[in-house]
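S.K.: As a plain string of letters, each chain reads:
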Amino acid sequence: MSDAAAPLILAEDLTRRFGDFTAVDHIHVAVQPGEVFGLLGANGAGKTTAIRMLCGMLPPTTGRIQVADVDMVRHARRARGQIGYVAQRFSLYGDLTVLENLSLQAGLYGLTGARRHERLEEALRLLNLREHRAVMAGALPLGYKQRLGLAAALLHEPRVLFLDEPTSGVDPMARQRFWELIYDLADSGIGILVTTHYMDEALFCDRLALMQAGRVVAEGTPDELLRRPLPTPILELDSPDAVRFERLAHTWPEVREVIPHAGQLRIRLRAGTEPAALRARVDAVAVEQRLTVTALRPAAPELEDVFVAVLEENEV
Amino acid sequence: MNPVRASLIRLRALLGKEFRQLLRDPRMRFFMVVPPLFQLMAFGYAASFDVRHAEIAVVDQAQTPATRALRAAVAATGRFTLHYFPAMAPAATALDRGEIRAILHFAPDFETKQTAQIIADGSDSNSAQMITGQLSQTLQQSARLSAGIEPPVHIEDRAWFNENLDDRPYFIPGIIATIVVITTVILTAMTVVRERELGTLERLLVTPVARLEFLVAKMAAVASVGLFDVILISVIAVAWFDVPFRGNGIGLLAGSLLFLMSSLGIGLLISSYAETQQQAMLLAFFVIMPMVVLSGFAFPIRNMPAVVQWLTWLDPLRYYLVVIRDVFLKGSGIGAHGFEYGMMALLGTAALVLSLARVK
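Protein chains in written order, with the numbering used here: chain S, 1 to 316; chain B, 317 to 676.
Next comes chain B alone, as it looks inside the complex:
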């Protein structure tokens, strides 16, 4: 028989097997749907750097018309819930207990010194920064307004792509990247190691099957799980969380396929080092965690030390994330991100070549 035709017949048989096993396994169906939904809920509702309804203590020992006007201005932002305390001591206790996140203090000598004090809970540095920033900005503006002073320069700020600077449109597209990397790296590693553990892999290799045919079928099955998750999360992000989708689906799909080359390669590489499924799982987490941290998913890369920033160049997730955020928020298209697509293709090829060489 023609060797190419024989190879295609084998590949078709293997693909049938992989997809049957995939769809038949209840744990697999769970793994495909529940973790993505869970992450969506976690990041859609729980994780947010935004300051909304921050509990603030107000200690107004001056009680002048000016302080009342300032208090009213803070209340009017709608971002803070104000609690009035007669003295500093009980307010400090509330801060200790974590019941409030900051204290706004007008001392009895406010009239003469014209100084208001903000004390924030620095144990949560991120929100402390946001709260002090917003409070002081509000106070400044209100003070200027009541004094009738025009600021020398008018600053008009606009945020493009995410007009209200919400965290959701920033985080939710990123979930696609984290879910795809977690699902596909773990799945690739686990299914290959599982077949080795059960002896089914060795049994396959007594047949005329080539290792590459076996791996291609496996990777095709895992890649389709990854693409399924991309589509699932995108639909929910747009339909439920009102995240915009300004680019095109082709760009997202192309980016996902290029990224899958890396994650499948990494999964395969892990499978070549792990002897049991538990080892594979553990190794996968060791690899995935730094990939996510270095990707810029939660922590901006430009804030990292220079050496760490160089490391992020090797993280395919970094480029995937840029592509995904662009497709959702900016829509500037594939052309604007040729570098990212190119890097993913490069890293993906390297990962595949390396892993295929090792799996022999």
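Chain S with its partners taken away, still in its complex shape:
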């Protein structure tokens, strides 16, 4: 095992161009052992291209990648024995059973004899697939397919795990169990890189990088990111008349966006607008239309607010 200071995944100046289009633009990624690193971004931001390069599936145009102490660009095949990968789309064989799929993977990683048997049973147990071993993988519900994908990626006890949108389309309960497992894996010292566009999942990560148009535009722990000052203040309006306020707020010049949230309204102001201006507007409207305001207070920023703000800064 490498010492804790050396990152398990290290990418420097990583760039990939497809013709004139730059899908990934000089990004830098470092993931330590035991760390869950989240790559966030909208579809097309470059997450999947980045993860494909890090897994050695796609050669970078320029840049250096080191995974589990192996140069991924030059010695991809040697590094592959150290990594596990779960694709966004189910990409094992639908016409093979759960066990046959896992056996194939075991063979591909050179597992034989008692160890092979032991690892297969362990993977089936860990992902609750024991009763489904004889089921055709294509006939499994989506959540089970995802678990099978993870089981296949863990058979050979990789030091690094890549998860490309692993929970898209999976129900919330299954997602939660999936993440518990991810934490257990990280605790055992595996370095994990996960892409997602779910903000609540992003909070589960130890560190995050937000991608936009191929570049990393913000990076840090979730706490660090949440402490970033917002150029556009957010207020929370608590009112029994929230529905009517929502309709009205869309027309106010100070307001950039209104988001109904658990019976309240989260109101994002335009950059440069003072919260006092909105307070005055709300009070005036309340009197005029006889609406009740229970409370109007500054809202604690959520990750999504931070990201929206960062994305807007970069668009300007």
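Hints are computed from structural coordinates only; laboratory data are not their basis. No experiment lies behind these values; they were computed from the predicted model shown. Heads up, the beta-carbon is just placed ideally off N, CA and C, and yes, glycines get one too. Accuracy of the hints is not assured; some may be wrong.
Stated by the list, open to error - FRET-style restraints, in silico, Cβ to Cβ: (1) S/Met173 / B/Ala358: 52 to 60 Å; (2) S/Leu126 / B/Ile566: 47 to 55 Å; (3) S/Thr61 / B/Leu672: 23 to 31 Å; (4) B/Ala526 / S/Phe18: 24 to 32 Å; (5) B/Gln594 / S/Met173: 33 to 41 Å; (6) S/Thr61 / B/Pro606: 38 to 46 Å; (7) S/Thr112 / B/Met597: 34 to 42 Å.
Chain B: place on chain S using the hints.
M.R.: Frame of chain S, contents of chain B only:
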């Protein structure tokens, strides 16, 4: 771990996967058995250049003992079904309608001119040629016989290897070649493209698998389908259609393996150009059709224009066909066809090297 041993473990896992998938897929089992049987039936029963029971109109306006003798001679060959017409006009109408294939006409002045006329339906050039040939030969012989003339030279004709000059023993072994090329080219192209479409190929390539290991397993599975079809068709050809099998199975198997190098290589090459399975299918047909036409399967190569004949040198199917026909009809052995085996090895190596270089 020893890298060779690791590679063998991976290869075994991949082979297990390929054969499981192959045998499990009902469409695949269909593809392996039904098209070969269908082609066998089509060529065994339907496709024939032989003239049997050709419908012939006879217009005998002379009605002399000589014409009656000639008519009897034609009827006696057993190859023609004769229909008698009183005049040319209705016979011509029947020819127009395709009800008859030729008219045998004895004019009223047959006695003085000693001329019989044969009019054949040239829209089917091949059978027209056969019918006029056979009719005129029969008429000549019969005329000489009745006149008591001995021909100056006796010609004794024998056809070796296919004594009755049947079309079946000629066509049916050829079906092996066409079925093997169709099945294996399409299958190779489709299964590789399918894995690319589904994303399973990319998933495989995150594991320590080498591309070559993946391709070798795929090709082994497809090659066994090809060999299965060779054996299936051979058994049916011999057992059901009474096609002789005079050579040895080793020669057939060796030829098939050498030919498979080309067809698997071509399939792989197609897979590198096709993005979807439909494209692969279409491309495969574009390649297979000219291969079959240029192979000499149905049309003799020596009748082709010189430039086209040169092209046939590049068609591995051409050599495979020679080997197969030899094994069934002649039995002259591998030694007599070293050139064909060599050419298949050469073209096969070229196809494999080219495709493996492209599939990277």
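S.K.: Against this structure, judge whether each hint is valid.
M.R.: Outcome of the hint check:
1. S/Met173 / B/Ala358: 52 to 60 Å: The hinted range 52 to 60 Å holds for S/Met173 and B/Ala358, with Cβ atoms some 58 Å apart.
2. S/Leu126 / B/Ile566: 47 to 55 Å: 52 Å, holds
3. S/Thr61 / B/Leu672: 23 to 31 Å: This hint holds: roughly 25 Å between Cβ atoms.
4. B/Ala526 / S/Phe18: 24 to 32 Å: 26 Å, holds
5. B/Gln594 / S/Met173: 33 to 41 Å: 40 Å, holds
6. S/Thr61 / B/Pro606: 38 to 46 Å: 40 Å, holds
7. S/Thr112 / B/Met597: 34 to 42 Å: Given about 39 Å between the Cβ atoms, the range holds.
Of the numbered hints given earlier, the model fails none.
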